Amino acid sequence: MIPELGHFAIIIALLLAITQAVLPLVGAQRGNLTLMAVARPAAQGQFVFLIIAYACLVYSFLVNDFTVENVARNSFSQLPEVYRITASWGSHEGSLLVWVLMLAFWGAAVSVFSRHLPDDMVARVIGVMGLISIGFIAFLLLTSNPFDRMIPPPPDGRDMNPLLQDWGMIIHPPMLYMGYVGFAVAFSFAIAALISGRLDAAWARWSRPWTTVAWAFLTLGIVLGSWWAYRELGWGGWWFWDPTENASFMPWLAGTALIHSLAVSEKRGAFKAWTVLLALTTFSLSLLGTFLVRSGVLSSVHAFATDPARGAFILGFLAVVIGGSLILYAWRAPKMVTGGAFNWFSREAMLLANNVVLLAAMGAVLLGTLYPLLMDALGMGKISVGPPYFNAVFVPLMAPALFLLGVGPLTRWKGESLPDMVTRLKWALAVAVVTGFALPFTLEGFNPWATLGFFLAIWITLSVLIGFRERLKHGARLSSLPRTFWGMQLAHFGLAWGIAGMTLVANYEQEKDVRMNVGDHTTLAGYTFTFKGTTEHDGPNYRAARGTVEVSRDGKLLNTLHPEKRIYNASGMPMTEAAVDYSFTSDIYVALGEPLDDEAKTWAVRVYHKPFINWMWYGATLMILGGFLAASDRRYRIAVKKLEAPAGAVARGA
Amino acid sequence: MKSRHKKLLVIVLGVVGLGIAAALILNAFQSNLVFFFSPSDVAAGKAPTNRAFRIGGLVEDGSVKREGDGLTTRFIVTDTAKTIPVIYTGILPDLFKEGKGVVAEGRIGEDGLFNASQVLAKHDENYMPPEAAHALEQAAKAQQTVVPPQ
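So the sequences go chain by chain: G and Y. The numbers in my numbering rise by one with no breaks, and the one at position 305 of the first sequence is 305. The numbers in my numbering rise by one with no breaks, and the one at position 12 of the second sequence is 12.
Just so you know, the hints here were simulated from the structure itself, not pulled from any lab data. Remember, it's a predicted structure, so these values are computed and weren't measured experimentally. There's no promise every hint is true.
Claimed, not checked - For lysine-lysine, the following DSSO-like pairs were computed, each having C-alpha atoms within a straight-line distance of at most 27 Å:
1. G:267 to G:335
2. G:601 to Y:141
3. G:382 to Y:7
4. G:267 to G:473
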């Protein structure tokens with residue numbers, strides 16, 4: 001009964017999505033206020049019904065209703081309750097329902113937080129979001145119904161993939177989706193602006209906080225995924241340039257370019273056509289990412305679907321969205337008036353450079369991700385493009401952009417004097433260069449990559465400090481600085497912190513695979529690891545060999561770690577559960593390989609020393625906080641009211 | 001700056017950026033593409049001897065042998081038509097098993113021994129790496145069509 005209720009709720013949500021799309025768009029075109037007024041309640045209603053549908057799905061998982069095929073394939077009676085809830089988005093069908101639910105959430109959020117926007121704008125934005133909803137709910141109902149029954153039911157479920165049974169996975173997919181789908185708001189604002197022809201500074205101001213929040217969620221989702229891979233895959237790596245990672249990284253790069261270009265559009269009225277194109281691109285890349293991981297063309301932990309109908313549907317939808325929006329763009333964009341003039345050395349030019357580099361990097365990732373798929377599809381042989389390619393392309397592209405990041409925020413709009421800038425920054429530059437060269441010598445001797453990383457991290461940090469000092473010198477108090485400024489500074493400093501962490505861990509990490517018998521010890525990076533053997537250990541839905549490894553330094557015991565080798569009951573799948581000693585300056589990471597003798601006394605053990613790896617997560621956290629802080633700035637809510645009249649005037653004039 | 005100049009600047013910056021990116025990408029592409037060969041391809045001498053490539057197929061039953069150090073493993077990859085002996089030092093992925101699909105990246109020595117630098121971890125037990133599946137398909141096809149012995 002409950003699953004049918006959920007199914008029914010999705011159908012009602014689809015009907016509401018159709019209403020939400022058609023009536024407000026028609027109303028906005030005809031200037032009919034009654035039709036436009038349908039937008040808000042329809043969006044909120046759609047959200048409510050999808051919540052009901054989702055609650056039904058979670059309920060089916062909680063009560064182990066194995067007559068629902070989705071539950072039978074992805075859950076297990078012994079699975080702990082919290083994972084039964086997360087299993088609801090661990091499957092293809094469930095994750096798609098989350099996608100749709102998030103989209104409805106953003107639609108409802110727009111309907112609530114848009115009191116200050118003109119009615120026709122709201123109607124169009126929500127209408128376009130309704131169109132996207134229709135596509136995805138139809139996809140859900142036609143190809144991937146999460147409530148399909150399986151009669152007779154199997155005696156027990158097939159269990160959730162053990163790799164996903166980790167609390168990092170509890171929040172990674174919803175956050176990632178919040179980001180992916182959040183760009184639908186930026187997309188809808190862009191389409192609404194194209195339809196209405198009202199593409200002005202006010203438009204940029206309206207869509208800016210939404211875009212920044214979506215970007216912050218996407219960042220959070222990516223970082224959680226990376227953190228999960230680090231802890232859970234047992235290889236100690238945190239980024240693999242795996243196609244599924246790239247699928248989320250491409251919209252991130254485009255989205256990062258978008259939030260910067262929106263700044264120019266808002267403050268200076270320039271780059272408008274470009275900003276709109278970026279908004280379309282970013283969401284298209286989100287859809288491409290969805291297609292890549294959901295269609296089964298990639299094989300990884302994320303790819304569940306091997307049903308060609310699903311891939312064809314998403315590809316078709318992708319074609320409609322990209323094709324349709326580009327046609328609209330080609331028709332409308334030439335009518336846009338470009339904004340104010342600027343000098344070659346100005347904030348605008350710096351942000352333009354930022355955009356060029358970010359998009360070039362995105363293009364490189366896109367090529368490296370799609371080329372092997374294309375070759376395969378054309379029957380031209382199987383190839384793979386691994387981390388060496390991405391590192392070789394990415395580092396040289398990003399390094400100059402990161403250098404300019406130290407200059408850009410200090411540059412004035414319109415034009416800046418180069419000699420002045422040199423005077424302002426020469427000490428920072430000198431300090432960054434000297435420490436960049438000196439630091440590697442204090443560690444392990446000269447290392448050009450470490451020098452580059454340290455230089456950039458210190459350079460950006462100093463530039464952030466100079467930014468604060470210059471503001472304060474001009475009479476501002478710290479508390480009176482706008483949140484947009486704080487957000488930017490925080491995010492930029494977070495990036496610098498993350499770069500420092502990456503540089504340290506990439507250049508100074510150590511790892512060792514050793515054969516260890518009970519009582520054996522090995523040393524790495526000054527730490528001594530003593531293997532005390534393994535014991536049998538029963539988990540809720542697995543059995544594990546639980547190792548005991550004592551970590552000591554200079555004869556003093558620091559910590560006892562318990563890495564595990566688990567065999568999951570339902571699937572019989574073995575899994576490595578690494579044990580990590582986290583600290584501010586380094587992680588000590590121990591993973592069990594396999595037993596090398598029959599009594600399981602001797603094991604292959606992998607030990608890692610990861611200096612400062614946590615700095616990456618700290619830095620990323622600051623970037624995310626910076627995003628939320630900037631989006632919460634008062635001026636996005638208050639100043640708009642004052643702007644409404646001139647914005648309308650511009651629209652009539654254009 | 002006049003808007004004509006600004007446009008020119010935009011275009012020049014864009015072209016320069018794209019040019020640099022394209023140069024980097026093509027350069028990196030040439031040196032970092034890893035091609036895939038099935039055991040039959042390798043037996044036919046199609047695989048390069050001077051650069052790394054990937055092989056895939058099934059781990060032959062009963063072929064996994066450990067060396068004395070415990071960390072070096074020898075095994076045989078088969079596509080059911082031809083086989084390649086492989087040597088790898090390090091910890092094997094969780095789902096490495098005899099009779100299951102495997103993909104390895106590395107170089108081939110003059111003695112025909114494939115020295116793997118990486119044995120790929122797979123996420124799901126029932127899942128066959130596409131490269132391995134491809135190798136088996138090719139071998140099956142080749143065995144159906146009559147091929148004169150070489």
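Each hint tested on the structure:
no., hint, verdict
1, G:267 to G:335, "20 Å, holds"
2, G:601 to Y:141, "46 Å, violated"
3, G:382 to Y:7, "42 Å, violated"
4, G:267 to G:473, "23 Å, holds"
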